[in-house]
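Reassemble the complex: the two chains are provided individually, in unrelated frames, and hints are given to aid placement.
Here are the chains, one letter per residue:
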Amino acid sequence: MSDLTFLMGKFEARIPTDRVYSDNHLWLQADDEPNCYRVGFTAYSVRLLQDVYFLEWSIDPHSAVHKKQEIGEIESSKAVSTLYAPVDGTILDFNERLLDDPSAINTDGYGKGFLFRMQTEVTFLTPEEYVAHLAAGWDKTEKLIKGQYN
Amino acid sequence: MPKLTVVISQAQGKNPAKQQLEAELVAALSSDANVEVSLVPNLYDLAADHSATQFLRSIPGDVIVLSWLFPRAARWILDRQNVRGHEGVSLLESKSDDEESDDESPARKNGNGRHGPDDAKKNGNGNGNGHGTEPDLRPVPNRKIYCLDLRDHSDAKVYLGEIRRIASEASLSLVDLFSFLKTQPQPERLEKYLRPLDLLAEQKSATSLDDDDDVPANGEVVRRRWYPVIDYSRCTNCMECIDFCLFGVYGLDPLGSILVEQQDSCKKGCPACSRVCPANAIVFPGHKTPAIAGADGEVGDVKIDLSKLFGAPSAVELAARERDVELVRDGRDIVGLSIGIPKRLKDKPKKPRDELDDLIDSLDALEL
Ligand code: SF4
Ligand code: SF4
Numbered sequence: 001m002s003d004l005t006f007l008m009g010k011f012e013a014r015i016p017t018d019r020v021y022s023d024n025h026l027w028l029q030a031d032d033e034p035n036c037y038r039v040g041f042t043a044y045s046v047r048l049l050q051d052v053y054f055l056e057w058s059i060d061p062h063s064a065v066h067k068k069q070e071i072g073e074i075e076s077s078k079a080v081s082t083l084y085a086p087v088d089g090t091i092l093d094f095n096e097r098l099l100d101d102p103s104a105i106n107t108d109g110y111g112k113g114f115l116f117r118m119q120t121e122v123t124f125l126t127p128e129e130y131v132a133h134l135a136a137g138w139d140k141t142e143k144l145i146k147g148q149y150n
Numbered sequence: 001m002p003k004l005t006v007v008i009s010q011a012q013g014k015n016p017a018k019q020q021l022e023a024e025l026v027a028a029l030s031s032d033a034n035v036e037v038s039l040v041p042n043l044y045d046l047a048a049d050h051s052a053t054q055f056l057r058s059i060p061g062d063v064i065v066l067s068w069l070f071p072r073a074a075r076w077i078l079d080r081q082n083v084r085g086h087e088g089v090s091l092l093e094s095k096s097d098d099e100e101s102d103d104e105s106p107a108r109k110n111g112n113g114r115h116g117p118d119d120a121k122k123n124g125n126g127n128g129n130g131h132g133t134e135p136d137l138r139p140v141p142n143r144k145i146y147c148l149d150l151r152d153h154s155d156a157k158v159y160l161g162e163i164r165r166i167a168s169e170a171s172l173s174l175v176d177l178f179s180f181l182k183t184q185p186q187p188e189r190l191e192k193y194l195r196p197l198d199l200l201a202e203q204k205s206a207t208s209l210d211d212d213d214d215v216p217a218n219g220e221v222v223r224r225r226w227y228p229v230i231d232y233s234r235c236t237n238c239m240e241c242i243d244f245c246l247f248g249v250y251g252l253d254p255l256g257s258i259l260v261e262q263q264d265s266c267k268k269g270c271p272a273c274s275r276v277c278p279a280n281a282i283v284f285p286g287h288k289t290p291a292i293a294g295a296d297g298e299v300g301d302v303k304i305d306l307s308k309l310f311g312a313p314s315a316v317e318l319a320a321r322e323r324d325v326e327l328v329r330d331g332r333d334i335v336g337l338s339i340g341i342p343k344r345l346k347d348k349p350k351k352p353r354d355e356l357d358d359l360i361d362s363l364d365a366l367e368l
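As you go down the protein sequences, you meet chains A and B in turn.
Numbering-wise, the numbering used here puts 49 at position 49 of the first sequence, and it's gapless, one number per residue.
Numbering-wise, the numbering used here puts 279 at position 279 of the second sequence, and it's gapless, one number per residue.
In isolation and in its complexed conformation, chain B is listed as follows (with noise of 0.2 Å):
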């Protein structure tokens, strides 16, 4: 039978709490004979050619990413890796509400084309791993992940506690998991993650090394990255972020959907094409406005965003202020609001919307 699988997806930085919490993590759940535990680095900054995305795409079963990420974000970036599986629901207490559980599943289960395989997707970022040339549509494999946020609590016990609740809940529908045992893992490679004491041991060894790139022990540099992730579960592939990103980020997939296809073409700090996306469903999952960063926003007990309140500038001023900043860096002239901006943006009438009109607009997206 399959074990459950727990990867950890390692923080950025040398935050001694976090890589606390990750070693005890890993130091208790390897004597779990339930589960297979693994330590990656972050998985944000994993290129699709790394052997720990490979590793990850090679996972059969249900599997449990820990990492320090909203839940939402960690989901899009495997997503976008061709990590795939129904969303598990976790039933820990998490800082950002996530009610919104299959929220995705009904879109992209009815295979409505707004999800082209991720294989062709990776045309922009180097080549597949060689299986997947399958046409569009397929079905989401049928397997739970279940992405939890590490920074939700600091007690090591209570990732365990949901960890083993998920084991036996996952036990009871473990015998359909055999039908996804269909992409052969590289033993060789995958054999360094399935040891993960080991690497700790290693990496706590390693010598000093540059504050921005993370060394994972094999050896394998991990450069801190800065893209945009999209929701699909949300985007409604309107075209407004391909207009407005003047750094050629996105791109279309053959059947014409939204993807971010240079993701190293972004500008590192610039979140500006999320502040245009009607939908909300652009991710920088290392920025550190949380709507911004992935937190489910609109659900549950979520908290009221004051910010218009407290004097913020509209979202469209400051994207096209951040756009002006990097191509000024980039030596090209400023365009201001000239250049991709909505039509549904600019013809708004000039009066700037009273901050009570965006108050209420929030309040009404929450249904009260």
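Chain A on its own, in the form it takes in the complex (with noise of 0.2 Å):
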């Protein structure tokens, strides 16, 4: 299955179809136990953010928490925010390799930069759905890609 991609101006934000999206950027990828997802940014996001330098998670491992829960801090060379749970679930653990180093979001979102381990019973956004999602919202964002990234 080949990926999806959107474009934002010239850069193409790959969507891979291997994987599900929530509706607040991330994309989810079953893992071994049942419904249990490694959680990432999806390259919409990082194209947004730029080179994070910054990770915090401000809730332990194992953490029950509900959807919009503030989690964590990030920083970037472009941008701040705070993270919040994509849904109600458990947060399982946080990808300890980021702590020290979180450049693994940039040059690795949809592999070794995933943020954390999550398990849930929602549903999420199909591939396809996540694009159109995307496309949505991108008049307005034009803009914005434009005036500040290009």
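Take the hints with a grain of salt, since some may be wrong.
[To be verified] Okay, derived cross-link-like pairs now, DSBU-like style, lysine-lysine, Cα gap no bigger than 30 Å in a straight line: (1) 157/B to 78/A; (2) 112/A to 10/A; (3) 267/B to 67/A; (4) 112/A to 78/A; (5) 68/A to 112/A; (6) 268/B to 67/A; (7) 14/B to 157/B; (8) 112/A to 67/A; (9) 112/A to 288/B; (10) 14/B to 268/B; (11) 78/A to 288/B; (12) 68/A to 3/B; (13) 3/B to 18/B; (14) 18/B to 267/B; (15) 267/B to 68/A; (16) 268/B to 68/A; (17) 144/B to 157/B; (18) 67/A to 288/B; (19) 288/B to 14/B; (20) 78/A to 18/B; (21) 267/B to 144/B; (22) 157/B to 3/B.
Derived from the structure by calculation, the hints contain no laboratory data.
In structure tokens:
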């Protein structure tokens, strides 16, 4: 199955089809255990963030979370953001390797740069639905992307 | 000639790295003939009648305040304590760019009444220290207050360099400072601040303390406090905060200006009203979100906040939720969005704002 892409100006955000997505721009890929996912930033998020150099979690592993609950902070060369749980569920553990050096978010965002593992029963967006979600908001973002990043 | 005063506001807690930086600065500055260095407890925690507060009020001339706070937070904490002056511009690179420099001066210089006399404002907070029965609209004292953020650099040399730069800048304009020598410091109370090295030593030998309280060498216990600080350079006196807070923190001064009257009625950890303030004028210096803690968030190369994109609840949603938590703690009923929510926010169409709307708005604010 070939990846989908979403065009952010000239930048092609790759949206792999081997996983599902949340509306707050995270990907989730089924892990070994049932209802368990690896979670990371989509190429769209990473493109907006640019080089990530700081990542901190404000909750402990194995914490139950609800959608929109604050779980951490991220800072990059261009942006800061609080991070929020994508859905109700349990955050199992965090990607240890990012804690010292979060650069894998930029270099391998769909692989080694995953953020945490999470258990949840909620259903997510398909890759197609996520691309549609991005497209719906794109007109307004375009100005942002061009003004800021190209 | 009055020396340049350097005040170091101690970090909360006992972080050894922070204490070391404080100690290094004190040690280096104590031997500098051009400056007078003093160590005080964390500015934000100081009560109005604490001797360190009185010491701060008694400083006649230019002062450099080094604190573990955003400069904007430090500046308005001092203002609330009636320690006022023009904003001195530091050339240090800071994490939060504060190019706004003279932003508040025009509004305050022409005395538009938004900013009443702080002595009147102290009503809710114990008495002042005797001086200042003058009417409102006092001019800003003709001296500069430089606020430096100790979190910006870990090397004491960086600060020492900047302090010396400011000292040499200040020495050019020291002549007119004598005119400000109005207040009478009480020498015996102030003396301890002029012996910061002894003070450091005393502190080191102090026995172990409750983690939540920092005890300065003079024995006055300084409790951690939590209350809003208003940035009057931004406040439009719209009254949304006083309508929103159900805990009686806000009040009005005799001229009708908003005032944080009952500081200690504020709920520890609650930053709710800062989220409803349309002018972003309410600072909680201890909050972990830089925008709430007083980072200068609207100028220069400040970073874009992508929180909305990553799923942040709306500010009002959050504020109401935080307020409900505190109401429940007090054994009161939750009110959700039913009370004190500004009309402009309540009447908004139900359709949730697109996260991208917010992004664009934040960019518009940056005037790109
Ligand atoms: S809500 Fe903000 S702008 Fe309005 S009075 Fe309160 S502090 Fe001032
Ligand atoms: S933070 Fe909460 S309790 Fe404190 S002043 Fe604001 S609304 Fe009132």
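Tested hints:
1. 157/B to 78/A: 28 Å, holds
2. 112/A to 10/A: 26 Å, holds
3. 267/B to 67/A: 25 Å, holds
4. 112/A to 78/A: Judged against 30 Å, a Cα distance of about 22 Å means the pair holds.
5. 68/A to 112/A: Measuring from Cα to Cα gives roughly 25 Å; hence the hint holds.
6. 268/B to 67/A: Satisfied, since the Cα-Cα distance of roughly 24 Å is no more than 30 Å.
7. 14/B to 157/B: 22 Å, holds
8. 112/A to 67/A: Roughly 24 Å between the alpha carbons, so the hint for residue 112/A and residue 67/A holds.
9. 112/A to 288/B: 28 Å, holds
10. 14/B to 268/B: Holds, at roughly 20 Å.
11. 78/A to 288/B: 19 Å, holds
12. 68/A to 3/B: 52 Å, violated
13. 3/B to 18/B: Status holds; Cα separation ~26 Å.
14. 18/B to 267/B: Holds: residue 18/B and residue 267/B sit about 27 Å apart, inside 30 Å.
15. 267/B to 68/A: 23 Å, holds
16. 268/B to 68/A: 22 Å, holds
17. 144/B to 157/B: Holds, because 22 Å separates the two Cα atoms, which is no more than 30 Å.
18. 67/A to 288/B: With Cα atoms ~21 Å apart, residue 67/A and residue 288/B stay inside 30 Å; holds.
19. 288/B to 14/B: The hint holds at about 18 Å.
20. 78/A to 18/B: 28 Å, holds
21. 267/B to 144/B: 33 Å, violated
22. 157/B to 3/B: 20 Å, holds
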